[in-house]
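Visitor: Given the coordinates of chain C, assemble chain D onto it according to the supplied hints.
Protein sequence lines, in the order shown, are assigned to chains C and D.
Quick note: to get the numbering used here, add 1478 to the position in the first sequence (first position is 1).
Quick note: to get the numbering used here, add 23 to the position in the second sequence (first position is 1).
Quick caveat, the hints were computed from the structure, so don't treat them as lab data.
Do not rely on the hints blindly, as some may be mistaken.
[Said to hold, decoys possible] Pairwise CB distance ranges (calculated):
id	chain 1	residue 1	chain 2	residue 2	range
1	C	1514	D	518	35 to 45 Å
2	D	660	C	1566	44 to 54 Å
3	C	1495	D	95	50 to 60 Å
4	C	1566	D	76	49 to 59 Å
5	C	1498	D	67	16 to 26 Å
[Claimed, not checked] Some chain D residues close to chain C (C-beta under 7 Å, calculated; not the full set):
id	residue
6	46
7	48
8	51
9	744
10	751
[Unchecked claim] Away from chain C, derived, C-beta distances all over 10 Å, residues of chain D:
id	residue
11	181
12	597
13	652
Given the structure is predicted, the values throughout are model-derived calculations rather than measurements.
By construction, the Cβ of each residue, glycine as well, lies at the ideal position given by its N, Cα and C atoms.
Chain by chain, the residues:
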Amino acid sequence: MTDPDAPRAISLEVNGERHDVVVEPRMLLLDCLRETLALGGTHAGCEHGACGACTVLLDGEAVRSCLVFAVQARGASVTTIEGLTPDDGESLHPLQEAFSEQHGLQCGFCTPGMIMTAAALLEETPHPTDAEIRTALAGNICRCTGYVNIVKSVRAAAEKGAA
Amino acid sequence: MSTVEKVKAPPRTRLLGQSLRRVEDGRYVTGQAAYVGNIQLPGMLHIAFTRSPVAHGAVGDIDLSEALAVPGVVAAVTGAELARECKPIRADVTDECWQGSEQWPLAVDRVRFAGEAIAAVVARTRYEAEDGADMVVADLEPLAPVTGIDDALGTDARVHAGWRDNCFVTRRVEGGDVDRAMADAPRRLRVTCHVGRHGGIPMETRGCIASYDRVGKRLTLWSSHQMPHVLRTVVADLIGLPEHRLRVVAPDVGGGFGIKSNIYPEELVACLLTMRLGRPVKWIEDRREHMMTAAHARDHRHQLDVAYDDDGHILGVDATIWVDCGAYSMFPWTAAMEPGTSVSMIPGPYRIENYRAVGHALATNKTPAGPYRGIARVPSAFSIERAVDQIAVDLGLDPLEVRRRNLVRPDEFPYLSVTGNIYDSGSYLESLDELERLVSLGELRAWQGVERAAGRHIGIGVACFTEQTAHGVQEYVRRKVPFVFGYDKALVRMDPSGTATVFVGIHSHGQGMETTLAQVAADQLGLALEDVRIVFGDTDVSPYGNGTFGSRSMVMCGGATELAARQVGAKLREVGAFLLDVSPDDVELCDRRVRHRDDPSIGMDIAEVARIIHLRPERLPSGADPVLEAVASYDAEPGRGVYSNGAHVAVVEVDPETGQVEILRYACVADCGTMVNPMIVEGQIHGAVAQSIGGTLYEEFQFDEAANPLSTTFLDYLMPNALDVPDIQVSSLETPSPFTINGLKGTGESGTIGPPASIAAAVEDALSPIGRVFVNATPLTPERVLGYADAARAAGA
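Looking at chain C on its own, in the form it has when it is part of the complex:
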């Protein structure tokens, strides 16, 4: 009989690259990304699925990586903020550009999660209304900006055709 707590070998695709990792069944996808794969842009804000700081795209859908075990992501494709950033080291994704241009961030801790949530929104709804933006972002808590400039940022990115 196998030990249910024994580490498992899984492979998953993160930002277009295949990774083979060995994880305990209890390890969160969040911790797997941050600790095992050293992708520190996905942040732990509450670890109980309420703040959205750890939002990533799992097979294209915005999910909270603190509510997903790494083993559940076996075979899946994960996109993090690092994967959204263009490879050239110079330019930014239109959402990243818009957040900076519109002052849609202050301390930056919620920002990767906000941007990933916004990316999922614009993928589905390229030209959202402000109400749709606010509804989509309602699961992401920001403590600095009062959301005013975040909404503006997403609107600006949508206007530039970010999706």
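Guide: Just chain D now, kept in the frame of chain C:
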């Protein structure tokens, strides 16, 4: 041949005052910021704490053996062990009546709030450390807890053995003749107000890494903290390490709001453990720990007796303040901070000549309370604003009119308040005018009337306030706190290529200081924004500084940056003029050049002057040394702070059947003197208003009757989200301070001060067609609003 000649010089414009995009954004939007949780060191171990499940208890035996048997666990310690290696945290003021507290790194013989750490377990991974912490067996004998303000005042139980009562300190302020004013006044009223217990709740929790180099005898502490130098001084003292062997790094910090400006036990534990183990140790607070142990705030009760005349002029105020400060006095602020500031701030923007206030700092078996954005001013503005609204109700006057009759007028500045505060300048009346214009108040009220007739419960509420910012040295002397900070410093260093680095002791964790300080320095040095880099958060490189808190950094560190940059600029002009063979008085720094004021064709690149100073010292004028850096300190005279002001309006809709409050509109007029970067100022107002909406409507640390915390997750402590916060409107006025360089005032906290008062007034106004009630407490949860609605129905019946 200078290297920058190929670069097109920017046009000559002052950067100060421009809404420039932030230079620091790149690393945040790409996920590359280095928060403490992102730092990995070779061989690093992880700490988890075992915490008290009771609010008050006697600590007996603690058995670590099962914890130590957990796979991966490397070490475990108790408070008794660490107490031999460390002093307790004591934050004392010098008042005669003061009763102080001692907080050990881990509880020794008593636990005084639920969540206080009693043991620490170190393991290879955080998962294993938590497994170990779960296996610590502690013998805790529950003691009677002191559960709140009434209990603290009435019980025989003591939070701290040997105290005569449960009061840390009582602060008093008196001016004029309040007894006579009360006796002679044609009208009097009494209001009792309560602002609930909530907190800053940064999205990044607390956290630290400590790493001891046994050979070099050097300790490095990375901490998510607002004041790295203060942390270094205190930690070095408490653990007995010479301060030059301790380096504190506060890297990227994911929000502070005051919560990360305290000295907490966990940093001490991490330092002691790395010194024991010789390996780096890391602790990242989880959210539940944060809700139970990071500083709470507010929890004020105020009783105001107000004397006034038939025209609504306030003749006197007699106030009593009680604050639930929790179990320990937090360093460096002390438990005197909240009541001590409130007694000073209640008069706010009003001309009140007869005044008395007594403020009590009470100890309870709850999480220690510390500074949170808007300290003491939020509950102080709440009570005086609510009182002013009651005067308006009593006299049947417009609440704005009562305010106008009492606000300090433009011709009265600088105004010495009855509590000894010096209001430097302000736009108290103009702000109210601007607010009326901004929201077209007349039309808004007409619309309210129409909607009311249609059965909607719409309310409009207004609040005016001042914010004391940039408290200088004399203010902290007056507060009798252990460290008299107030000043701040900057070191400006120009390198041989003519670019500048500014080293500062403040911190930036959202405020955009990397941009705004660069704006200040670049102007003085004739450089472009990208030619200046700001370095902060590392005690090994920055001059001693006091950190970021109290809406101070732009004024204090901005002033110091300007003074230091002026000195470097003077050196550039002196040497440049010598090399150009003109008088230093005739040259200016502009567009990256030292050039003649009247004939810009006479000039040379700053880069060339800088290169000569560093690398060709034989070409310098005799007596000039090859130094191109300066350190300066700044304390805005007279050192008692400068006053921002604001006026807010809230428009709400209340559902009297459910108690739900929806904010339909929120608008602010904000005046923080000269703005360095208006975009950033506006962002600060947005964020502060949103946080304060949270404290006004949703957020509350609740406890049961045994002082057990009930709000330990985001499911039972509600933070405002994008659907709760409206599209906040901001209009800025600029009344420069006569006391500060560039006329700056602080503004980080201003936005928090208005919402409790304006929203409470709006809710009261919304319910008024049903019946008259006095909305006197926050948070305005549906349950509480239903209570007011019921009272309104009873009053209207």
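Visitor: Which numbered hints does this structure break?
Guide: 3 and 6
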